[in-house]
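Student: Letter by letter, the chains look like this.
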Amino acid sequence: QVHLVQSGAEVKKPGSSVKVSCKASGDIPSYFAVSWLRQAPGQGLEWMGQIMLDLGTPNYAQKYRGRVTISADKSTHTAYMELNSLRSEDTAIYYCARDYGALSYFVAWGQGTLVTVSS
Amino acid sequence: DIQMTQSPSTLSASVGDRVTITCRASQTINTWLAWYQQKPGTAPKVLIYQASNLESGVPSRFSGRGSGTEFTLTISSLQPDDFATYYCQQYDSYSWTFGQGTKVEIK
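As you go down the protein sequences, you meet chains R and X in turn.
Going by my numbering, the first sequence opens with residue 1, and the numbers climb by one from there.
Going by my numbering, the second sequence opens with residue 1001, and the numbers climb by one from there.
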């Protein structure tokens, strides 16, 4: 079983960037993908992008292409999500979740990281 | 992107009731659909994958049906632990998308 632990809450100014980490532990398979999702206060879930940890190949939702960078450190089983040009609408809980790559649902989730964007 | 529409948005029910939530896709997604349960302050938890497969450890009172564009999640006998928000998610094609959620409330 894979367990995902995310970095702590962040408070950022508009126009700045935030980088959230997601460390996997447990019985980690050789083929391992991590997606990033977010949930604004009182709102639904939105998929932002995905990375295959072994290949380091990211895949982004069109909405976030150009503003988000998803990366990974295979040696430490850690994925990262960096969001740039923050605005107040980016205030949300950001989740990482394990998936199986293409044609996959989210089988395990991190605990979530609250990012607050405020001047 | 494929649009996912859930109904109802809110559902009021009593313990022991049979409840059904519907999810419609804007184009066919075969059976590439999952259902999640989310309680306040916690991450979602998968209940059903590939439209009708029960995730390990999930109680058998949860069931899923459907294919193509129309899907349902049924709770056969609602338990106190089931009051939560439920989301469907398509994974037929990127970008993966979710329904807007159905909140199951105590009547």
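One thing to keep in mind: the hints can contain errors.
[To be verified] Taking lysine-lysine pairs in the DSS-like style, the calculated list, with each CA pair at most 25 Å apart, reads:
no., chain 1, residue 1, chain 2, residue 2
1, X, K1045, X, K1107
2, X, K1103, R, K23
3, R, K13, R, K74
4, R, K63, R, K13
5, X, K1103, X, K1039
6, X, K1045, R, K23
Read the hints as simulated data drawn from the structure, not as lab findings.
For clarity, every value in this text was computed on a predicted model and none was experimentally measured.
Student: Please work out if X:K1103 and X:K1039 have their alpha carbons no farther apart than 25 Å.
Tutor: holds (10 Å)
Student: Under the criterion that the straight-line Cα-Cα distance not exceed 25 Å, is the pair X:K1045, R:K23 satisfied?
Tutor: holds (19 Å)
Student: Sort out whether R:K23 lies within 25 Å of X:K1103, counting only the CA atoms.
Tutor: violated (31 Å)
Student: With the threshold set at 25 Å, check whether the alpha-carbon distance from R:K13 to R:K74 stays at or below it.
Tutor: At roughly 31 Å apart (the allowed maximum being 25 Å), R:K74 and R:K13 break the hint.
Student: Starting from R:K63, check that the Cα of R:K13 is at most 25 Å away, please.
Tutor: The hint holds at about 21 Å.
Student: Does the alpha-carbon distance linking X:K1045 and X:K1107 stay inside the 25 Å limit?
Tutor: holds (24 Å)
Of the numbered hints given earlier, the model fails hints 2, 3; all others are met.
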